[in-house]
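*Asks:* Single-letter residue listing:
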Amino acid sequence: MGKQGVGVSIARKEDDRFLRGRGEYVGDIRLPGMRDVAFVRSPLAHARIKDIRIPSHLRSSVFIASDIAADTRPIRAVSGLPGFKPSDQPILAFEKVRQVGELIAMCVADTRAEAEDIAAAVEIDFEELPAVHDMLLARRPDSALVHEEWGDNVFLETFVDINMEAAYDAPIKITREISTARQSMAPMEGRGTVAVWHKRMDQLVLYTGNQQPHIVRNGLSECLKLEQLNIRIVSPDVGGGFGYKGIVLTEDVCLGWLAMRCGYPVRWIEDRREHLTAGANCREHHYNITVYADRDGKLRGVECEASVDSGAYSSYPFSACLEAAQIASILPGPYDFPSYRCRTWSVSTNKCPILPYRGVARTGVCYAIELMMDAIAHECGLEPYEVRLKNLVRPEQMPFDNITKKHFDSGNYPESLRQALAKIDLPGLRARQKKGEPDGRLIGVGLSVYCEQGAHGTSVYAGWGIPMVPGHEQATARMTPDGGLELRIGAHSHGQSMETTLPQVAHEILGIDIARIKLVHGDTEYTPYSTGSWGSRCAVMSGGAVATASRELAKLIKGIGAHLLQTEVENVKLENGAVVGPSNSVKIDEIAHTWYRRPQDLPATVDPRGLEVTIGYKPARDSGTFSYATHIAVVAVDPELGDIELIDYVVVEDGGQLINPMVVDGQIYGGLAQGIGTAMYEEMNFDSSGQPLASTFADYLLPGPTEVPAPKLGHMETLAPYTEFGVKGIGEGGAIAPPGAIGNAVNDALRPLGAQVLHTPMTPRRVLEAIRTAAERREEKAPKVAEGLPA
Amino acid sequence: MKPVNFDYARPDAIDAVIRLIADDSRTVKMMAGSQSLGPMLNLRLVQPDLIVDLTGIEELRCFSDGADEISIGACVTHADIEDLRVTDVTRGALPTVANGIAYRAVRNRGTIGGSLTHADPSADWHSILAAVGAKVVLRGPAGERIVTVEDYMVGALEADLRPGEVLVRVVVPRLSKSARWGYYKSCRKTGEFAHAIGAFMTDPDRGVSRAVIGATESRPVVIAKACNVIGDGRAPRLSDSFDGRAVGEILEKAGMVDPLDKQTHVAALRRAIEQARPQ
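Heads up: the sequence lines are chains A and B, in that order. Taking my numbering, the leading residue of the first sequence gets 1, the next gets one more, and so forth. Taking my numbering, the leading residue of the second sequence gets 1, the next gets one more, and so forth.
Same shape as in the complex, but just chain B (with noise of 0.2 Å):
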């Protein structure tokens, strides 16, 4: 398969992105690292008049070091963090969830703020950065807005983009000494899409624990106040403090009825939390 004829543009800047995206007349797709875009333009799911090639513009390919908190650039690449170009403040979280991305030839391409946009259940970034808190900025005629990332997936394949709006940055708190992380996904293979993740972090310095069960049918289970069900973070084995049935009727409720997915996903949270380092 071939993709349709369209036209191609790759401005140097935000402002020139958001003057092609607003044109309506014509079916316009914004391309990052084009690891999604690529085949399902080649697959004629996407037939688009414009492709706006967002990688030209070098504010969204660096990244700014803060002291609460660290902004990254949409067009990061997956390598970029895995390799630690990118300051890492979520104590080895986001290059350790990189390096496990696809391939590496995807993750050379792939970008953060792509990957969150396109939007796929069982991409890895979402569960990661829902669990560790961060947020996404998104830039429009009307200027900017912050949403977190778990609200930034309204469903499958589907983010919470306005017409207009670009994903500019990915915003990631700096974590505490005191935090503590893990991460599992279930694959039948090396490098495929997930069939279950499990993701938490607790930072109890900071007063954070949350959970988040990802690779569902739709947006991924954030429990963001998720002391009941995996403790505050001060245990020193924190698998000691995770309730399972709390996590699966709390699955129960976000829809997932089969009980076997619901196993598997208690059983990768329960498996993200026992990888924790004990305190």
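Bound conformation, chain A alone (with noise of 0.2 Å):
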């Protein structure tokens, strides 16, 4: 047995199924007698429903809001925080449809075909409303209303004004209007769910690719009307997650009313048209901003108006604020100033609900406010990185609370800044830009700097409050009798390798081999609750639940042994997976066997809890680990076609102590790659009508593996003072800081042509109508020369 604890890259144990093709997901299941469903789905953004027509002699097999009224209740996500307008998510749609792809109808037939044809034979007459398709339209007054009887189309408005008028003497201002655009999260398996009735558990079983089995089972228990004790959400293998599958579906309560019914198990797996028509979920941010700065490139004070497209109704749990309301609290990002100012709306437009991507809003915060720290060195005659250094907080602040009282627990900001710049040839590019390349192409270089908050807890989202607020995250530690390990957790691993980091957490306090201690996760019936795997918080709040749970077994095994070794337990200690004494040892798996096999072989005052614990775990400090990282981009863009080339691409994160190193390089190259996506590809259109533009991958591109460079990756390790062996979160910031390097490198690059590009993706087509855009600035310039006048 090699080293396996805390800190040593060993292979995922879940790899050998996966890369066997041997992995299940909600797809693979078979149960006898399973039937499959198909919904009618509106294809109109925004209408009244006049009728709807079923052929009668398919009456049977179709399922309308009627039908299901009296046993459901509407899906209902509302926000604590003052104003918040609440939205009910019709379970299938009455009256009016508010989003293409919304749920109308439900069709059940042997196959899926046969379904699809069903749903086909369905009519439905709609009186079209107009479409709320544009957020910043939708603000007008004269607006068409998502909701009538909120008056207008604003979930929630938020400000926090801190001492803005002090900036207004700074000597430089820069106003720039950026945007983002709406996303599709795009898992290699989309969402599927399979539901049957257990007569003999009383109990509705529901099989749902979900990031968070326990929440769904509130969230199912609220809409059907359903005791807890009924319900068990199993969340098999996820091919996944990101935030697609942090949920609760409409779809999933419409199978589980089926389920409860009809008799046998059903069936839905989402096909890529439903995922990107009618599930868009993600990113539309937009911002107009205005820094004030020092000549000397100090930033004095941020002022922002941020809208946030939240579409047509607040999801479950998250619901429709957290986006908008969360870039109040995190633009400042990782720079110290004194003035601030932000006003945020969450808008409701006939779109998808939102629902928060991997990074949330930290993506598109940090390609705004990484933007205009590059615009302030421009304006100086600075470097970038000399801008940067100026302002991000210092080690020595640590720990410490920026402008919006978040609480940075520790980390040096500039170091990972210097390492990043380290691992390219700064004065070399800026030489060769000089030079010019031999094709005509344009060399740029951009940095991007952010902080994520991990882990964040009861603290924090009872202030939001939404339907889910963490508080100790549990785990169990039981063994079994032949001296295995079960770890029980009610988080699920979606990607995060926690089958093998886990594992790690435990055998680093108990010694245990890692093949012989299983996860068992993704199943209500036999976890500890937990809102799940969200917000970068499993390795921190699982892994510190495994830790605790680990310790408190230590001792009742630490315990046991001493019994067997016939001394004192402050005469043993737990060492390579045995007790051992002052002068002999008993391994644990005779630990095991004495307790459940021969329990005559102990003493009547033996502890009697066994050798099973379950206990809760919260860090020191439930504000948040906050691990950070510099990100830098090297870009060759063509003027002429408008392609960008990733030429070089560096990342110096600080994640505390890594469990696996291995697993953190994984998390940040996925999170790159899906950074890349929203800075170079990943855009979905709708026109004027609210109809989303593409419906395949041809049309919704996603960046693959010739588009994404293997990153030079560097680690720090300042250890987090709140958590477990100093752990912080990292699972979303690979995807937070390449639209702001990358859009930083293209309009370096663009520099000498006077262009900028400040909304993503930087398509070919943005790059060039910002060649051009620049180009005809020039002409118009140009005559004023002529005549005499200042440039």
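Heads up, some of the hints might be wrong.
Unchecked claim - Anything over 10 Å on all C-beta distances counts as not near chain B; from chain A, calculated:
#, residue
1, A69
2, D71
3, A578
4, P764
What the hints assert, rightly or not - A few chain A residues that don't get close to chain B, going by computed Cβ distances all over 12 Å:
#, residue
5, F126
6, P187
7, R418
8, G670
9, M680
10, D699
Unchecked claim - Okay, the calculated bits of chain B under chain A, using three or more residues with CB under 8 Å as the criterion:
#, region
11, 3-16
12, 78-85
13, 243-255
Hints were generated in silico from the structure; no laboratory data involved. For every residue, glycine included, the Cβ atom is placed at its ideal position computed from N, Cα and C.
These two chains come separately, so use the hints to put the complex back together.
*Replies:* This is the structure:
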């Protein structure tokens, strides 16, 4: 047994089945008598339903709102933030549809193809209404209304002002309009659900690929009016989540309802068209942002109006306002400055409800603030890194409460920037820029620094007041009679490698070979309650819970071991999978065997808790861990075709103690690919009637292997002061910084042409349009010069 | 999405195909590699009563090598051409372009005839085959007719395939030793359909100079007598003879008004020409 504990890059246990194609996803489940569901979805973004006609011979295979109304409640995810307007999301639409893809009818048949035939035979008369397709227009008083009873289209408006006017005398004031496109998170596995009523257990069993099985149980219980005892949620292998599977689905409620009544298992597997047209759910931000700075690059203040397109309904559990309200609290990023004002709007439109995608608001926020930092650098005639070094929170300030009271737990941000710079040859690149490329392309270098709050807990989420507030994270550690160890957690792995990393944590404390430690998760029946996997929390929270449970279990093991060694517990220690006393030792296997199979060998005074522990964990402070990184992109822009090539990419991050550095590298690679998607490829456009314009991956572009460079990675390990082992959450960071780094690199490349791109994705078209606009501006100015006026 | 229920036939002779597709009482679709039709079936954009699979017909899967030209069966795959299982008479043009079509998995099944008949303006074959001056042979109840590749595409997703006809082979002229060619496509990412294509072929010994601008809104713009924009092919460096302004005017006449579209398409052709080996 080589080193297996915390900090060791051991190969992933789960890869044995994944790499052999033996994963078990919802789509692999086959139950006897199982039938398939297809949904009739709204083809329109905004319309009244006048009539639904179902051919009479199909009536028993089709279910509409009136069929389920008495037994179900709409999905309602309310935020406790003052002024939040709740929305009821119907399980099946009635009266009105508010987004393309909204469910109207559920059709069941022996096969999916037949269910689709039935769905095609259902006719609906609509009265089309003007679609609210643009979040900026949606805030105008003359806009159509998504929810008439509100009187406007704003879920929530927030405002914060901290000494803003003190910055108004700053010599530098720069304003930009910056925006990010709407995206569709794109896990390889789409959503899917199998539901069956289990008679013996008197229980609805719902298999659904989800990040939060216990939260799904809460939601289904509320929507199906069913006791939680009568619901079991199983989330099997999940082929990517990223937030897309952090939701209680109307589809899940429908299938649960059907399974309770039809007597056979039912299945719905989302197809890619449903995914893209009904599920484009993230990232659409718009910023009007102004920065104030001194001539030496010192940031004096940031003033911003930010809008987020939150879509038609408030999704469960994260609500419609998390994203925009988060902008206000995290826009300052890793910088220390004295004046701040931010107004945000969570705007309702006729689009799919917004969900938090890996990085949540941070990706947009980082893009906005990092473009502004470069604008300051340009204005001051400084290198972008110099401006950042002037403004980054310094190590001697740690722990540091920033302007929005975010508690930066630890770290050396300037050092990550210096280490990242050391991985490129900046003077060489500047010289190369001056010289020009033989192929006419333009080279650019871009920086992006961010911090990522992870594993934030009760105090933070109680403030949001959403349906889910994380408390103590629990874990069960349980020995088997032959000396194996089961770990049970309520969070769920959808790529986080927890089947490997959590056994590493237990091994660190108990010394049991990780081959004999099994993680049990993804099933409400077998695991303690948890809010699940989101917010870069599992390594900290589930890891902390496993560590705590393992320590408690160690005490119990030592207690029995001391009996067997006929000594006092104070005289023994746990070492290499055995309890070692003053003169002899006993293996954990033997201790387990004795407790379960030979209790006659134990005294009456033995601790009756045995070899099983369930216990909760919270970090010493629950305001979250702060990991951070510097990303540097080097690009070559083709000014004739608008193509961008990433010719170098650097990431230097600090995740505190890494449980398994290889797994962290994997998280960074995956996040980077998604960040590149945001920066350069992914975009769901809607026309003015609210129709999504991509329905396949031929139209919705994702980066592929040839578009994602192998980054140069560097790690720093500043231990978090409040968590087990000093671990910090790092799951999302890779996806946060790339649009900022690539955006700054592209604008650096385009600077000789006077052009800049302020909108993601940076498509060839947007690059060419920026170049053209700059050229036209120059032409407009040219005659003035001729007349002797200042240019 | 799953396709609608349909009947399926896989005949082993073209005559049988012609008989099956003559039945106009039902919707019949011919299927070759199914790389475009498959997704369209799944999306129910196509809802046929009968699918006639052409890949069981030996005649459509082979090629015949003549003195002045080669005939390539309609169901020859992109990979067959890429891997040189089909004799190359184009001095590397066809195998090179085949190598850049979509992804290998698509090339293993996708066919030259299927791609031409599907008539996607961004497909590689339309542009390069028009550049080398290829023709297609269509067979119907009344016999065979021959159409140039550029005329075969009537518009986006519309081929000049009359009722009852099937594309049986593609005829590619043998280029002389003096021939030069180039091909450039601008794609957002590897394997995706292009948003601008430039292709050309000059063969001074045969007196041919052709240029093509593809991946437009509709059929590729073919300049069949391209001497005045790319020269006759005898210049040591062909790019010296390139007249981008003239190409731009031709594109405008063909209906391309957007200046950035025009810019990228002209650039694609210029880069295709810059690729040509110097003489």
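*Asks:* Decide, hint by hint, whether the structure agrees.
*Replies:* Hints, one by one, checked against the model:
The beta carbon of A69(A) is kept farther than 10 Å from every beta carbon of chain B, the shortest such distance being approximately 29 Å. Distance to chain B confirms D71(A) as a non-interface residue, since its nearest Cβ pair spans about 29 Å, more than 10 Å. Even its closest Cβ contact with chain B, about 53 Å, leaves A578(A) beyond 10 Å, as expected for a residue assigned away from the interface. Listed as a non-interface residue, P764(A) fails to keep its Cβ farther than 10 Å from every Cβ of chain B; the least gap is roughly 7 Å.
Once the 12 Å rule is applied to beta carbons, F126(A) is consistent with being away from chain B; the minimum gap is 20 Å. Against chain B, the non-interface label of P187(A) holds: every CB pair exceeds 12 Å, the least being about 18 Å. With a least beta-carbon separation of about 34 Å from chain B, R418(A) lies farther than 12 Å from that chain, consistent with its non-interface assignment. Listed as a non-interface residue, G670(A) keeps its Cβ farther than 12 Å from every Cβ of chain B; the least gap is roughly 18 Å.
Here M680(A) does not stay apart from chain B, with its beta-carbon only about 8 Å from theirs, under the 12 Å limit. Chain B draws D699(A) into its interface by the beta-carbon criterion, the shortest separation being 10 Å against a cut-off of 12 Å. Residues of the region 3-16 of chain B lying with their CB closer than 8 Å to a CB of chain A number 3, which satisfies the three-residue condition for coverage. Beta-carbon proximity to chain A at under 8 Å applies to 0 residues in the region 78-85 of chain B; the threshold of 3 is not reached and the given coverage is violated.
Three residues within the 8 Å Cβ limit are the bar, and the region 243-255 of chain B against chain A gives 0, so the coverage statement is violated.
Violated hints, listed in ascending order, are 4, 9, 10, 12 and 13; each of the other numbered hints is respected by the structure.
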